[in-house]
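Residue numbers (our numbering), protein chains in the order written: chain H, 107 to 401; chain E, 107 to 401; chain Z, 107 to 401; chain S, 107 to 401; chain C, 107 to 401; chain V, 107 to 401.
Keep in mind the hints are simulated off the structure, nothing from the lab.
Among the clues, some could well be false.
Note: identical chains are not told apart, hence a pair may lie in one copy or across any two.
What the hints assert, rightly or not - In silico lysine to aspartate or glutamate, DMTMM-like type, Cα no more than 20 Å apart, as pairs:
| hint | residue 1 | residue 2 |
| --- | --- | --- |
| 1 | 159 | 281 |
| 2 | 243 | 180 |
| 3 | 307 | 261 |
| 4 | 159 | 294 |
| 5 | 159 | 292 |
| 6 | 159 | 295 |
| 7 | 159 | 297 |
| 8 | 244 | 279 |
Number of protein chains: 6
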Amino acid sequence: MRSRLRDTPEGLDIAMFGVPLDLGSSFRSGARHGPAQIREMSRLIREVNYSTKIAPFDLCDIADIGDAPVNSLDLDASLSAIQQFVQTVLSADARPLAIGGDHTISLPILRSMAADGALAMIQVDAHSDTQDLMLGKKYASGTPFRRAVEEGLIDPRKTVQVGIRGTLFSADELDWALAQGITIIDMDEFEALGAADAARKARRVVAGSDCYMTFDIDALDPGVAPGAGGLEPGGISVRQAQVFLRELRGIPIVGADVVEVSPPLDPSGGTALAAANLMFEILCLLAESHSNASD
Amino acid sequence: MRSRLRDTPEGLDIAMFGVPLDLGSSFRSGARHGPAQIREMSRLIREVNYSTKIAPFDLCDIADIGDAPVNSLDLDASLSAIQQFVQTVLSADARPLAIGGDHTISLPILRSMAADGALAMIQVDAHSDTQDLMLGKKYASGTPFRRAVEEGLIDPRKTVQVGIRGTLFSADELDWALAQGITIIDMDEFEALGAADAARKARRVVAGSDCYMTFDIDALDPGVAPGAGGLEPGGISVRQAQVFLRELRGIPIVGADVVEVSPPLDPSGGTALAAANLMFEILCLLAESHSNASD
Amino acid sequence: MRSRLRDTPEGLDIAMFGVPLDLGSSFRSGARHGPAQIREMSRLIREVNYSTKIAPFDLCDIADIGDAPVNSLDLDASLSAIQQFVQTVLSADARPLAIGGDHTISLPILRSMAADGALAMIQVDAHSDTQDLMLGKKYASGTPFRRAVEEGLIDPRKTVQVGIRGTLFSADELDWALAQGITIIDMDEFEALGAADAARKARRVVAGSDCYMTFDIDALDPGVAPGAGGLEPGGISVRQAQVFLRELRGIPIVGADVVEVSPPLDPSGGTALAAANLMFEILCLLAESHSNASD
Amino acid sequence: MRSRLRDTPEGLDIAMFGVPLDLGSSFRSGARHGPAQIREMSRLIREVNYSTKIAPFDLCDIADIGDAPVNSLDLDASLSAIQQFVQTVLSADARPLAIGGDHTISLPILRSMAADGALAMIQVDAHSDTQDLMLGKKYASGTPFRRAVEEGLIDPRKTVQVGIRGTLFSADELDWALAQGITIIDMDEFEALGAADAARKARRVVAGSDCYMTFDIDALDPGVAPGAGGLEPGGISVRQAQVFLRELRGIPIVGADVVEVSPPLDPSGGTALAAANLMFEILCLLAESHSNASD
Amino acid sequence: MRSRLRDTPEGLDIAMFGVPLDLGSSFRSGARHGPAQIREMSRLIREVNYSTKIAPFDLCDIADIGDAPVNSLDLDASLSAIQQFVQTVLSADARPLAIGGDHTISLPILRSMAADGALAMIQVDAHSDTQDLMLGKKYASGTPFRRAVEEGLIDPRKTVQVGIRGTLFSADELDWALAQGITIIDMDEFEALGAADAARKARRVVAGSDCYMTFDIDALDPGVAPGAGGLEPGGISVRQAQVFLRELRGIPIVGADVVEVSPPLDPSGGTALAAANLMFEILCLLAESHSNASD
Amino acid sequence: MRSRLRDTPEGLDIAMFGVPLDLGSSFRSGARHGPAQIREMSRLIREVNYSTKIAPFDLCDIADIGDAPVNSLDLDASLSAIQQFVQTVLSADARPLAIGGDHTISLPILRSMAADGALAMIQVDAHSDTQDLMLGKKYASGTPFRRAVEEGLIDPRKTVQVGIRGTLFSADELDWALAQGITIIDMDEFEALGAADAARKARRVVAGSDCYMTFDIDALDPGVAPGAGGLEPGGISVRQAQVFLRELRGIPIVGADVVEVSPPLDPSGGTALAAANLMFEILCLLAESHSNASD
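Isolated chain H, as found in the complex (with noise of 0.2 Å):
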């Protein structure tokens, strides 16, 4: 994107930043060369929100601080290692907006975050990322928020999941989700709402708490973006993303991520470019935030 780079979060309103990890991919791997083609494909990308007029970098102070440290043979020291970077990135009173890298990589953000008390959250989705064990696994691309509800990390009864859609394991994979308060607006509720009504929706779910985005690209359908880890056919379009994350305006965001973008699976770059104009729709919200929050 049109940003600076820097070697420190010092100073930032907001902080973009690489996550280039997949080892909680159980299938599809490769979302760890997701930053590196998220930022070329940002270069297509101009100052200003044709729709909204939002100018994020008029707004606020916002940079690319480089990836965050992992390690690519050891998913339990890059957990660690991804929570301490956001710790600095806090402790400098910026935003943090991840590029991903594979869902897993959300608990330790929101670890970092959820310092404080546990954050509402919205998160587009074509799975719900509920499950307790993946492969016998506790931390992995599908079960991140889970453990972020048993830790504390976000409000169950003030997160939203949108977008949900794929084919289960059992039919009732996502009872725990259910059970524990979290709204699910899944794709024929979405398509039955629209996107601007889902938003609302999402408004009211999230309503008077500081609040996470992190959008899967799998969210999207895969004729869009065909280089997701998981691909479910019959998704949403950029369009419905865009109209969807516009009508979020006002809503105290306080932290984002974009995930799952698998560059060896799309080496055409199309899921990238999407991934990077749904980011620039998150900066804008981040950064009209950040910007209603200073005044």
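Given the coordinates of chain H, work out where chains E, Z, S, C and V should sit on it, guided by the hints.
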């Protein structure tokens, strides 16, 4: 898909199989490799339909019984061999779900299935495939349903074609089909009705008869299914296809095919992924229909 | 397309030709190869429009007269050569349908066509292309319609731009165009109106004047047209473009172009296929318009 | 190539033409699209051979006369049509240079060319293509030279096959060819001799007779020609093929073909580029040979 | 390959199996998908080796017994599972031929195979893979043969590494291996000797002991094998590899693997095709070696 | 490469930089994206040359100082800007190593470097690039070394061109270069000599003068470098290029460039990988040469 492999259809309720033949394609061939790629992409599909909660493998005994024997240098011999192969499936009291191959393969399947009388049929397709001759030939990918009507395999008054939109060789190209009583829900009507109402109209056409379902992947928009034999921009989305298919629950579907996926034209596998996903939707219909019939 | 090849425009009603030039592209070039790939993909198109039943080759004398002479090392010389080439088309009483090339090529075409006064214009595009300078240059792919207004080639009060949505260099980037009286139906309005009503609004803008049509392929969503010079996620579908174009029947369209297809950026040819399909829709409009004028 | 297009072979010394047929391929088809892609890639070739300084277009009257008429649904009809088409070329006193298509097409060409007696032949290929039957069929891409010997079209004692190396269906697969007197310079011998000495040995085999040249692109290594119908790792390089062909100067080559380029299997066009380059080398041989004969 | 599928190794002479694990890759992963793609490409291989006329399926009882059980989220558990799986192969008196997976998988295979003492080993590879640690980890794709020497699984004085050429982390990176007595025929020496003489030197190193063969596909030049985990330009050709392997006939090879094919990095499958071809060459060696041992 | 990023050349011994310009390409453009892709692929390269054990980053102070300022719509302005940029590098006493860009960029670099007199030059290339005009223009990718000789930037008697082989526009195309005294080691001679002896001959040509090195990636065979601007089948391998370059140790190389890598023509990055590898080889030469000069 998450099904077992079997050598024979004995004991099965539903037998899936490939038909690796594309000798009926006059221009963009390659559908002979469709079964292999669709099988590979089907590994991304889990056990339970998110929207309908149908779990086909719980409802029925289902297996992949491999490929029908075809001779990739001899169309006539292949048509006979396919018909005979499907006969063994039916003799085992299993319902066939075929993976093409080009659209010619529907004809020998229908020849086996219509032994006791003409079937109703739902065809999702960009083209009517009711030409009399193609390059002077009676058996080719553009003619199977002309032959099927002539041979009494399908009842044209109980046949509905959905998604038709291709540019035409002549303005009267569809007159024969309409004169036979075939119902055409073309792309303009499909959009005007919406996918769910289009399905309801289709239900009315086929009501009261055992029904065959054939899905030509070129019904989808080339943006999401570039690896189709024919490519007609302006097609339906996978989401629309899913909604259409799910609205067909309850119809006595007795056999089905998905055809015209050509892997060499889409090595990334997006087309095959969409086909695998729609096959799963059709499998859910077949399984529920069989289960209902057995009660 | 199923048209004849001709060496000269003599005796033709509509002359199609390529303009293999991309010296006006500042970032993603390659549109110089557009004509070749669009011709190749146009082989999939048949003779008759499914929805409107227009058969352009029956209505008019149409041929492909090859490529306009350009010098791929000299932008100025090329602009002159294109203008002169179009002059020979017009002198033969044929209407031009050009295949780009980058968007700069519209300017020399308009210079030839507007000899008798400013034209109305319908522009389908993600960007307004009315910047004053691009990298300090007056002639480039982002400036042709600023020049066309300045030179009196198009009447801004009879000019409508459809599908505009790209991120902006500055919040006032479109102020000049609006101040001239250009009507902008941006993406948000296009979606709110629907494609058919957007077309009806466009008709009202251009009513009463001979009209030029220019279609930048980046108006389409990058998911379906990744091989465009610019890429702006969240665009229109081919289906929407078809509905929009078909609703323009009856307008006196006197010339047209389709631009910015860059084959190196989409070797699979999906973008060129969409372009060929939309060219056929525009050809139907041109042919019917010419036929009406001749009656 | 930098040749003119012509409608008929009248007045030409050498007539190049496409044969877009792949009905003889039993597994990896797509060669029907070979002529189009090879023509496109041939635009990179200039007028004069660097090494031999032969300028074929100066030596002879050469043109591309389009494609032979084939029926892509009917192999037998196509074989007749090709034979007849070549007959018109020969009747015009032109020498044919064909672009395949699969290897089956050499047979009808030879049937026309051998009207006055069996020809000598140089075949560069990974396979001998002298099987008796392929999937039970007499006419297919693996059998043309069995048929050609049986029909007296080529003289086996004056036939040399170069580059043979494919894994075999049985250990005695080549016994028939050897028993007829065909000379096989297999890959091991080709490497041991070097390309130039291999050519000298080939010259000795065909000495004294008019010679046909057939080049199956699978003779090249799959690393450089992945878009071949058959793929046999461990093949010759383009450089070796160039040296081999250049060393054949002076042989009375009266006709030739380059076959088995399948664009869907190599959309990047590298295989077609290699084929176009080798066609140019063969064209140089044909032109010099024709020029010598005319002196 | 043209082998049967089997559920167990019982009764087999040679058991082929996949090891879909790439958790040992620190940078370019994807080798977990190697077995599937290599199996697919192996369909192009016939029954008999052209050069040696070895027909492995006639000599031995050979089958593909599927994939070793691995946990794609747990490297340690996977190493144990692979070792145990190979144990069942050996217990059935079959010789293992594994398809990787990244190079880490050689270690658990060797742990099973070296139960009765250290083996000789021939390693074809661009890298020595004898680092002590990789990103601080003892088990990874760059360390297996350091571990294998330390654990006494291979005898370094009877180990030869062929094709080594990668840029180094430090100038003394290979000192440990050389100090242990490992023989390195690096790329410069391989070229100076030629493939056949390099094989003869390798034979002398391993003479007198049961020998394991491991082939890292990155030994090949990236031009022919771009889908390798590591990529070191300037490698050996498939032809050179074939000549090298064929010259090893007579050595008592008791097990082998081919590793590091990463399909996402080469969706066209050329790398997997080369791997399948070289696996066939190794299978011929294994089969002849087993057959000799049984006489 | 494993080098630091720097904003200025101050304090460096060798300054690497990109020149993202392809306005000099008349046909296959895209080299403007070369620097980005080569940088990305250079991440696979480690610190020490395997064969020569040269560790350039230990010998010299080396950094990547970003891209030279170019205007992608203005060739003349860009040539001036490049020349000025290189001047700043030289003023800082650093030696330039440029990444193109098309071959036109060598001219402004030489203009800066030859301030004190004509340089010797080694050019590895498929074409001589000494045409007088290209499409009527004096500055283009086919003319830089005609200009360089005319302007006295290089001494033709101390200039050697290696790997020349492209088909020619006319048989006398190279006469001018030869008349000036340029030495041409064409592909035939390169193969006859072998890479090492070709290098020794090149050394003799440039002996005694400061030498510039320019490497056009189209010197490599298109099988390994398909993403080149020009493509001439039958080229040198990366291995041959490595051997050639390593044999040039000791020559006083004072600057260099690697040009014509066009990422859109090879999105897989194989061409850029080869270019990065050869850049490392050249960097080793530059570093050792600088180090020798400093002793």
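Exercise. Going back to the hint list, which numbers does this structure go against?
Worked result: none
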